[in-house]
Structure formats: structure tokens, C-alpha cells
Amino acid sequence: MGKLYDQLMEDVRFVEGLNACMNCGMCTGVCPAAEFYDYDPRRIVDEVQKKDEAVIEALLKSETIWYCGQCMSCKTRCPRGNTPGFVIQALRKLSVKLGYFTCSEKGRQQFAIKRTVGQSILERGYCVYPDIVTPWMHPEQGPNWESIYNNTEEFMAKLDIPYKKDGAGPLRKIDQKNLDELKRIFDVTGGTEMYDCIEKYSAEKAKEMGVDIENGDYLNMVFKTNSDYDE
Amino acid sequence: MSEQCVAKQNLWAKYQKDIADDHYYYCRSCIRQTFFPASERAYLNIMRDKLGKDLFDDPNHTTCTGIAYHSDLVPLQTTETVIARHFALMTEAGYENMAISCVTSFGLYTELLHTWEEYPEEEARVRQYLWDATRREFKKPKNIAHTSDTIYKFRNEIAAQMTRPLVNVKTGEPLKVVDHIGCHYAKMFPTKGVGGAEFPRVLTGMVEAWGGTPIDYPERRHCCGFGFRNYLVMANRGYSVANSKKKFESMVPYKPDFIVANCPGCAMFLDRWQYTIQQMEGTTYGADGQGIPSLTYEEMAGLVLGYDPWELGLQMHQVPVEPLLDKMGIQYTPRDKWTGKKH
Amino acid sequence: MWGFKIAKSQSINYDRNDKEIMRTVLENEPSLRVCMACGACTATCSAGNLLPTFNIRRLNTLLQRGEYTQLRNELNNCMLCGKCTLVCPRGVNIRNIVLNTREALMKYESDTI
Amino acid sequence: MIMQQKNIAIIGGGPAGIEAAASLAGLGHHVWLIEKESELGGHLRLMYNLFPDKRPADEVLQEMLSHVKNPNIEILTNTQVADCKQIDNRFALKTDKGQTLEADAVLMATGYRLFDAARKEEYGYGIYQGVINSFELEAMLKNNTLKNVKGEVPKRVILLHCIGSRDEKVGNHYCSKVCCVTAVKQAIEIKRRHPETEVFCFYMDIRMFGPFYEELYREAQEKWKVTFVRGKISEAAANLDGEIQIKAEDTLIGKPLHMRTDLLVLMCGMEADTDEPVAKQLGIERGVNRFFRSTDNYTLYNNTNVAGVFTAGACTAPMNIIDTIANARAAAISIHEYLKK
Amino acid sequence: MNPTPFDIFVLPFTVGMSLLFAYLILKYASWIWYFDRDDKLRILRGLFSLKSLKAVKEIFLESLVHRKMFLVNRRLGYMHFSLAFGWFLLIVIGAFEAHIYMGGAAPFYFPIFFVYFVPDDESFFFARGFVQLMDASLLLVLSGVVVAIVKRFYKRIVGMKSTTQLRLRDKMVLYSLWLIFPLRLLAESATCGLHGSGGFLTYPVGQLMAATLPLEAIEYPLWWAYSIDLCLFFIGLPFSRYMHIPTEMVLIFFRNWGIKLKPDNPILEEVMVLSCPRCGVCIDRCQLNTAVGNHDTQAVYFLQRIRNHEQHSAQAKNCLMCGRCESVCPVGIDLNAIRLRHRQNFTPETFVPQYNNAEAQKVDVVFFTGCMGHLVPKTKDAMVKILNASGDRYWFMDADGGICCGRPMKLAGQTAAAQKLMAKNRQSIIESGARTLVTSCPICYKVFREDYNLEGIEILHHTEYIKRLIDSGKIKVDKKNLAVAYHDPCELGRGAGIYEPPRDVLGSVATLQTTANERKNSLCCGGSLANLTLPSADKARIAEQAMCSLTANHPDVVATACPLCKKTLARTQMAPVEDVAELVAEAMI
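Residue numbers (our numbering), protein chains in the order written: chain V, 1 to 231; chain G, 1 to 343; chain R, 1 to 113; chain A, 1 to 341; chain X, 1 to 589.
Bound conformation, chain V alone (with noise of 0.2 Å):
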């Protein structure tokens, strides 16, 4: 394993995000999570391209890198042609890689939306589909939502919509032979490994913080906490 700086340029992201940073501020100013958060893009990225090893790794066990929108705002803006938003994504994916990502408390949350999301592309085919977003998981979602969620196959007939149906158009069943090969390509790409990292650094965290992980507790607990709110 190489130094974390080298480990980042190996990511296409990286290179392309960060040329030379002249710390002028634009990303933080247009920055939606720095508005919310104790967060300045800026500043991460300055402390990246100083290509101190104990900063970058402190990074990495932060919870700042988890803020970002990926709204790429930034990019837009940058006067010397950075995105911070890339730069983000490639510290991101290296503290998956290292298990770092169960540091912080809202880098444990990638287990959540790998059981949510992750989980939905490889056996529905889609990252979003009705049967996932369920009322009790997403009360924001309202009312209406509600009432749809619970008859989903007679509301969309009523909408006729081919649900669950084979053949083309919204909401249809993707056919296995679709899933396997997404599947393959998860496989190949270094998907499927990602996925693997996050359920294994997840499960020896869980471990470490003593809560159970096949009954749903640790997912319950990533899911729902915020220390932000406690205050």
C-alpha cells in the first residue's frame, strides 16, 4: 500500500479535481453544506494538496469529507479549475477502501444506504423503487405517499403503469438475465469488493461498539443518529 496522497491520485477524480489551490473561497461560498455544516471545502482541499500523510489520513477519519451534497456547485465557480466536490468523492472512496469510514459517525452511514440503495440496484435494477421507501423510513414523504405506498399495485394500475411487469416502461421488473449482468459488471469494476468493504468494516465496527448487526440494530442506529441534534 502506498502513501495516501499517491493512493489518491490513483483516482481519476482526484487529478481531475485538484490543480492548485489559491484558497480564494468561491466553493465555500456557493457550498449548500457549508451553509448547514461545520464545513469548508476549501479548506479540505487545501489541506489535501499540501500532501501531509497524518492530515490526509485525519481526513479520512473525519466526519467532514461526509458532508458534501455532491451538488458540484463548486465546480462550476472554481477560478483555477478544482472541484472539490471530485476530491471529495476519491477521499471518500479511500476511506471506504480502509475501513476508515467507520471513524466517523456519519461514515458509518454508508452501510446504510449500501443495505437501502446498494442493495436495490443489484435486485430490483434501479437505485430507487416504491417498495424501498417505506413511510416509517421516510415520514417527509407524507401523506399521500403513504396511501400510495401501502396499494401500489392498484395505483399503478389505475395509472397504468406496468409495476412489476415484464416488458419495457416505468416501474417494470428487470429480467435476471439484465441483473446478472450488472451483477458481472459490479464484479469486474470493483463494485462488488466496495460493497464488501463496507459490510466487513461495518460488521467489525459493530462489533466494537457492541451492537448487533444481523437483527438490524446497527443499521437502525446508522440510520437514525445525529449527534448534531443531541445538542
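The set of hints was computed from the structure by calculation and includes no laboratory data.
Calculated from the model, a selection of chain V residues having no Cβ within reach of chain R, i.e. all distances over 10 Å:
(1) 50
(2) 81
(3) 152
(4) 158
(5) 166
(6) 180
(7) 209
(8) 216
For lysine-lysine, the following DSBU-like pairs were computed, each having C-alpha atoms within a straight-line distance of at most 35 Å:
(9) R:19 x R:5
(10) G:327 x A:150
(11) V:165 x G:140
(12) X:171 x X:260
(13) X:260 x R:107
(14) X:520 x X:480
(15) A:54 x R:19
(16) A:94 x A:69
(17) G:170 x G:255
(18) X:151 x X:171
(19) G:140 x V:177
(20) G:153 x V:158
(21) V:165 x G:53
(22) G:142 x V:173
(23) X:420 x R:19
(24) A:280 x A:6
(25) A:177 x A:150
(26) V:50 x A:177
The beta carbon of each residue, even a glycine, is placed where N, CA and C say it ideally should be.
Keeping the supplied structure of chain V fixed, place chains G, R, A and X upon it in accordance with the hints.
Structure of chains G, R, A and X alone, referenced to chain V:
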């Protein structure tokens, strides 16, 4: 024409995007099909039946993994290869143009093609991955457009068939429309969006062509707050809603009649967060105290073309759309909202 | 039920921020204005040497933007040793700014409670 | 040895052209000073006063113009060079008025083009009335018409540095050098007239390279109470009242900063005038910054790749008036030495 | 025995005098009442001890003779001496005269108006002598009055550049004081003129008046005027600066009985404030006056503001606390301590240190360079070299930076916060097990000595430590051909009384020059941390003033023993400035 308009026209002139004329390979959106399946159907219907265009809706199409990618579940190469598979499916089906329904996908496809230009070795690597996994090969698309680009392109043709312009039938005034553009539509590659990143034309062009008045407001360019992991994980949703709230508070003084978005996620969030804020804080936005309806551009196009609101799936919105329908003078049967209307 | 709370903006809202303390301190120690943010104070700071998150240079800016909450927290770390004032190339009496800000903050807080 | 009188064509009648003409005439040469506008002076004509001494620009211009009242100088205003050819060591210039000028040397003093602020789309220049550029502010100061969109004295003015400079997004990697001190000068002038107006400068780095510039910066802080914020504004948008809402990061704190302002002044940088026809016809090379490339930046600054063609002033790089005058004199000496050979 | 004489004009005086006495008795009683238990015990124990005798002696020397003021300024001293001592003589001699005349008890107004009641009676014992003595005393006082009046208008006559500025109330009392003795002279002379009596002063003046004025008509009004003027003065006294006369004496007693200024008890401060005679000696000593041109913050004005309950926070902060004023104050007021007390009033105590020192090492000697020490690395390196050569087992406690000694915080009035810092350092020092604590910084040195309670640990400034090393032969130095002028740091010299060790050390490595302002009279460098508000340009002016004095004899090097002084003086670029330790390190063999 005012100085301001001239300046905007000059700006838009710089961003004349090439949009294919016909024969599109259609790329489905995870979020749109989940929350606005009827919008999708309306889009296909408008393109095919109203505009006589050829679109191929491929049963083999899957997600591009964009949400997982931006949530850091999968590496870049996985997403690239899944997208490459779509290129292969398109090539196999004999198409060269893509119409992409999802803004995240659109941004990713654009980014991918850009990356391959700059880093050809990356393209070679992905071709190899795709071959290894699926034995498929592909040609890169000649043209990729967001589905809103195609509607924008044919906005005048739609206007010609329009039955319900964006006009308040009671006052005769044009409806005031707030446009919201998905961040990944043009912020990453301003030249790939109609009108660029700062004053995008894609939705305001439709609004103007169909008789409405687009509203500019200070937080127009701000993200809706989706933020991938910031919404997907319950604990983080405070961020997501706060960003939408920031937008609502900024747009309210302009008294907009409705919001229109080209990104499926944004349209959904700008709808649902109004409900959430109302429930959590008691604030209802909108001049009439009934919320500001947040439509997809397909729904907007469907309404002006005289589609039945419940066929367009407007009942899936949490903010009631009836006041808007009333303003536009659209007839609807309240009882059909949930029971459906067989046609 | 919701599992989250609507986040509050952490931005500096200059229009909304109260500038009373800033005005008081500027009146008592006008040298505050000429800070050019070189960071010499932070570099030499005795407290910053022991507590790297403490940045005496940032105090000046926080004060001038009316960011009193963060200011109060940071202010409590200063030992008043005076090195910052001694090294400042613009002759800013940083030590007196700290003193005045502490005094003004205390008065402000007792007034606003 | 008495040198035979030579003919020199100076393209551009701004400060560089004027000063070079005066110097060359003083050395005994005959000069055509060709200016496309109806008056000499270039951008200097648009300025109210000049840093660092705040001397009125008109006064400086008039003094410079008094030097070109010389029988050796033929001033051709409202004139453009339509065609230009090099024949052996000489240059044949045809003007759009049909004159043919046979010159032994050509001096390019074509100056600069102000960066078009509309290209920084995020600030809405041209779209939002409250967003103006630095020359428009200078005109307001010159005509005493500093007003917000409602026609009142602005309560707050923000000057934003580095517009079109140090910005890869518009293809300009270089620093335009004069904008920082111009902003400081303008900020002081606003405060001098309207002490109640709050004036802010948003900057990335304050570059006070000339004598008494740093002192001027300090004066702006200390005496005039101008506030300096380190951070480039990311976005500007008008609200219903026509005020401009800005978003930036206060990088010295590390947090986003939001505020409203009556006026947002974009301190536009300098760009090379790449459409200039003479340079194209003579094949004068430009550097990566698109300004004319010097043969050597240290010893042959005013020489170009074409023998007999010289450059002076802001067509070589962003330059202030003081340096332009010095540079024009240097160019005159370089031409004189070239013609001696 | 003569009958008791009386006239109605004595009433104003009697009333004024009675009121004054009543006021003073109440005042003295209230002070003692408000002292804490310890101080009350001190008074009880001291009252009938030798301490009281010492106090009487001091009162005689200082309040009457004004010995200290004579030492500072002879003309000013004479003024105060003539007024105070002359009046004292008038009272004492007058009392004897009256009592002898009466052959027993006399009403207390009687001696004051003796001449009126007994214009030409030479029958009693020493009557002629008394007349002459009283005239002599009156002349002494009058000479003082003349000097005082002249001083008011031509201050340089008494050798002062600045004199105190007065307010209206003070002026009225001052004029009433000035008038007392001329009126007495006129009234006595008028009576003497009518009776052809009088001494060497009153007789000629009386004759002159008789020749030129209608004496019968004006004699009686003059006595009235004299009495009324005395009354005015006595009533005005408690509200004027002349309150210092009755207060200073009390202060001297209190001091001799061992009562000290305390942060939480304002009584002694009140006594001190009232004791200030506003002689103005402090004004010319103050470099904020002489170098910066400030005429508002000097001790006399500061005390005046406190007394008058005027805004004085700016003055409390704007003081170098160099101690130059305190060291010459004729009344011996604790001027720095009072200044510091008034910084407590408006400073919050919300400070919580979130840091710690490096782990303590077990050694014999702890070396603490202090915050400022890190700004003069050459001094620091010199000390490391010397410590390495000493053979002592030492720990450089703040080698990588440490917690501030706490004195800067204390000087800013944040005592409780300062104590939190001190506690941390104290713990580290004690944990090291060292018997000796050496510091390079006089600021730290002072606070270590005064506030740290490091029992069993000897606290040395590095100059003291180096002197021991040289004396004991632990380090050897070579005397260089170098002329050195030494600058006494305020905190080390006036602050801690360390004048000789640095000079001794310098003497063994270089040739020490004498300078115009040495030891107790040394000038402040201006860098003082005690001044909270002084702008940097003004600090530079003070530094230049100090350097002008130090470089008068063109030394090769100006030496000092404080990192802050070194840094501040070096900025003037008027001469190379080195710490004593640096010169020693260079001279080590």
C-alpha cells in the same frame, strides 16, 4: 427590449446546445419512475404522439448507478461500465442519440464522455471491463440530451398544439413560474446545458413559449438540498430540508404560481419538503396559503397540452395542485383523483 | 417521528448580525482596522502553540463580522501574554482587542439576558 | 554623427503612444501618432483620478498632451491602419483614410481591452442593475453620480477584486496588477464623499506593488474605515428591492458569508486586444497570456519577433500609468538605438 | 489669670474648625470600622508600640519637613516645608503663647486671634519673644505662599515642567488658603498699627498701614475676614486636596502598623487617594508625559479622578506601571497597586485554560524562559549554553512553549484567570522536584516571587544565576574589550530590587558604562505589558527616549536583562541590544 433582456439573450446565445432532432434511446430515471411514473409516460407520449418522434424504451435498460456513485457505494469504474453497457444497448438497438430522463444520469454521462476525452486510457479500461462482464461493445453516442432539452427544442411545436397556456384565466395575467434546474444539469459542464449554468434557458424557454413569466429570485441557483447521502440517511435530512427551505423563503416574496423542475429529485423534494416544513414548523408557503405546487416539466407540458391532471399523476404530489388547475382553468373531476379514470 | 431537525444556517449573515461589540471595540482600539491578516500573531501565539485550534488572528475577523458565539468560545483561550501585539507588523494592539472584546461581550450578554 | 531623421508609426494614442511620441520627437525623429478614436488619451480619458496620489486624471493627460505639441509629431485621430506591409526594413502602412505612411519602425501602443464582466455570469452583470464594473464606477465618481438603483446614495458598496484576472474559467491566469489599488482608490473616494456609506473590498490577495500603494491600502482601512474581506464572491443575485445579495466565504474565518449591497462593483482586469489588425498582418507573436511577447523580459522588453516593430505599455502586459510612461520612454530609446544601426 | 476674651468674629472660625474636627473624627472612625479583623488587630497591637513612635517621627520628617520632597526637588520641597512647618510653628508657638498668657486653659480660638485680644500686653512670660517668633513663623509661611502663587503661574520657578491642573472647587479652597496668611498679616498689622506694637514684621507693616489707611475702620473687618477665610478653608478642606494634610498622618500610622492594600478592601486605597497632596512630582517622572505628551493619566490625575468619582477606566489602563512615579512619591502611595485594583472592576473572569505544560522532568534546576523569551531565540540559546556548561541538572520547562506565567493576565486585572495559569505552572515546577527556578524574564520572575508560593524553591533571575555560576567558577568568562550600557528592566529593578547582579556579571565580561538614568531612575523601554492601550507608535517614542539616554556615552552594546526590553529597545535601531546572558555566552571560555 430592456438592457437586462439583451444581456440575457447575449448570454444564452453563447450556450446553443446541439440537441438531436429525432431517434432517441431513452434512459430511465430511478427517481422519476418511482415518484413521477406518469410524467415519464407523458413524456414518451408527447414525444411520440404529439411530436411524432421515435424513442426507444429498452426493456434491458437499468439504473446508471448514479445515486450509488454519488453516495460513494461504488467506484467510478462500476458506474462507467454500467453506462457503457447502456451505450452498447443503444448501439445494438441501432440508435445514436440519447435522451436521458435523470439529471444525475445526464451529468454522469456528460462527465464520463468528458473524462474519456481527457483520459483515453480510462475509456479503454472501461471497454475491457464491459467486454469481460457482458461481451458487449459499443459506440459512443453522437448526441446526448436531457429529456428537458428535447422538450425545450420542440417547445414551439408544443405551443402550437397548446390548449391551456400558462395564464391565469381569472386575471388574464401570465402565471409566475419559478424554474429549478437540477445541479448536475449544467453546473458541472455549463456548455452542455441550454443557457449555461447561471441563467439556464431550458425551462424558462418552455415557460415563455407557453405564455408564462419566469421568475428570477436570489436563491434560484441554489441546490434543492437532495445531497444524496444527505437525504438517503434519515439522520441527515435536516440538511436536505434546510436547503429547500432557503429556496422557498427566497422565492415567496415573488408570489410564484408554481415551481417547475427538470430534475425528478428536485421536483419531488420541493414538493415534499413543503409538507414537512408545514408539519414541523407550521409554515405554509404560497400566496394562498396552500403551498406552491412543484411540477415536473413533463407535467407542465402535459397540462398545457390538455392532458388530464390525474392521468399526469398530479395526485402523487403532496402540495395540492387544484388551486393551480383552477387558475389555469383546467377542468378536473375531484373524485377521479384517487379512483382513477379509465380511458 | 421525523428522525431529523431542520438544520440552521451556520453562515455569517452580516446583515442580521449585531455589530454593537464590534463598534465598541473599534472605538476603544481603532488599530483593529488595520489588520491585514498576515497571521504573525497566530504564528507566535503562546496559547495557539499549545492548542492548535485556537487562532488569535481569526478573532479579529469574527469580531468584525459580528460572529459573537464563536468569538466568545475562542476568546476564552487567550492568555494575554502579549506576544501577538509585539510581533504585529501593523501595530495592532491585539491584546487590548481581546481585553475590550471580553469586556464588551460580558456587558453585551448581561444586557441581552 | 548626426542621424538622419527617421519616420516612426505609433499605433495607439493612449498614454504609451503619447509618451513614446514625445520622447521620439525629442530624439529628433518624425512620428505619426495614429489613434482610432477622435481624441488622444485612451482609457486615461475615462478615469477620474489616479493612484497613489489621487491626482486628477485630466490634469495628467493634459500635461502629457502638451508634450506632443511638436512639429515632428503628426497626430492622426479617427484613423485606423487598414493595411500594413513590411518591405525590406521598412513598413508601408495604409490608413483607412487612404494615407500611405512609410515608416522605418512601428511602435505598437495599442493598450488593453477591459475584461467584459458579463463573462463572469455568476454576478449577473448587465442583468442586475446593481452590478456595475469598475469603469462605470469611475465614471460615476467623475460625473458625481454615485447612486443605487433607486437613485439614492448607496448605503453599501462592495468592490470585488480579480474579475477576469487569475481566473482559469475565463482563460486569464495572470494578475491584472492595477485592480487592487484601483479598488482601494475608489473605495477611498466613495468614503470621502459619503462617509456614511459602508464600503467593502472582497479580495483574494491584496497586491500593492507600487510605491505608496500599501500606504494607500492602510489609509483606506485606518482613515476611511473601508472593510476588507478575504474571499472571492461566488454568486450575486438581485432581490425584489434591487439590492444585490452576495455569497462568499470569509476565508479568514472559514465560513460562508452572506450580505446585501446596493452596488456590486466588479473590478475588471485587462485583456489583450487580440483583434488588433496591424499585429496580425505583421505577424507579431503573443504570449500565452495573449499580450505581445517580448524578445526578452529583462533586456529587450520592448522588442518583438519582427525587427523594427516595438511594443510599449499595456499591450505587453497589464500596466499602470506610471509604468506605462516609463515603458514608453524605454521603447523610444530602444527604437532610437535600432534606427542608429 | 486673665478673663477669657471673646468677640463675635471668632464664631466663623470656631464653627469651621469644629465641623472639620467632627468630620475628621467620624472619617477616621469609619476607616477603622471598615478595616477587616486582621487590620483592626494590627491597629490594636501597633497603637502603643514603637511603631507609633516611628510613625510620629515619619510624620515630622515627611508631613512637616517634607524630607523626601526636598530630595526630589529642593524648591518644591521648600514650598511644602515652609507652608506646613511654618503653619505648624504658628499653631504650636501660638498655643504656648496663649496658654502662658492665660495661665492655664484657653479656648481654642484664642491663640488664633491672640493679637486682637492682646494687642500690646508684654507683661507675661516671654511675651516679646513670642511676638518675634510668631512673626518669624508667619514670614516662613508667607514665603511659601509666595512660592506657591508663583508656581501656579510660572511652574518652572520650582523646577517643574508640569504642575497639577485644578478644578473650580480646588481653586476656591486654594485661594482661601492663600488668603489666610496675608489676611492674618494684615489683621495683626492693623491691630499692631493702632497700638504701636508688633514684632519685626507686624510692627513695620502696621506703621505703614497706619500711615496710609483708616485703620480704625478696617481693623475689625480684617479680623472678620481672617476668621471667615479660615472657616471657608476648614469647611472646604475635606472636599479639597488639602484633605491630604489630615489624611497623610493617618496613612503614616496605618503603614507603620502594617496595614497593606488589599484587592477586596477599598479603605486603605481611599486613605491613600486622600493622602495625595497633588504635589505633581509624578507628572515629570512619567514617560507618558515626557515622551508621549499625555497629560491625563499620571498618578495624580488618576487619583484625582478616583476621588472625584469620575470616569477613570482609560487612565487605569493607560499606565506602564514602570514604577517611576511610585519610587519618588513623597507620600509613598502604592500607585501601581491602586492602578491594578481599578483594572479588576471591568474585567470578566470567564477564562478556562484548555492546555497543559510538557511533562515535568526530575531535576535540580528548572529553567523557564517565558513567552517573550521565545521571541529572542538568541537569549534563549545563550541560556541553554550557560545551563549546559553549569553542570546543573536542569529542565527547560517551556522549551517548546509553555503556559504563560500569568503576570500579563494579572496586569490586565484578570486575577482569577491568572491564578488558573499559575496553578498549572506551579504544579509543573513542583513536580520537577527542583530546588531552583531560573527565569530569563523579569515579568515571570516577579510573579514567581510574589504569587507562586514556591516554598523551598529558590527563584532566581538568570542574571543572579549567572553571577553565582561565575562566582563559584562553574563557568569561566573572558572580559572583552566592549563598552556596555546597562538598561534596568522596570520589573527587575524597581519591581524586584535586582540592580547589582546584572551589573556584576556585565563587569566581568565587559566594561560597564554609567548612564544618566540608572537603577531607581532608569527609564522604561515602553514595551511594558502593563499598559493595555498604548499605541505602538507611542511605545516606540518611549523606547527612543530610553535609548537616547542609554547611548549618550556611545556604548558598543546596550545590555539588558529582559526579553521584552531587548525586543522593544532593539527596534529603535539606535544601538545593538543584547541580553546579559548573550554577552556572557559569547564571553565564555
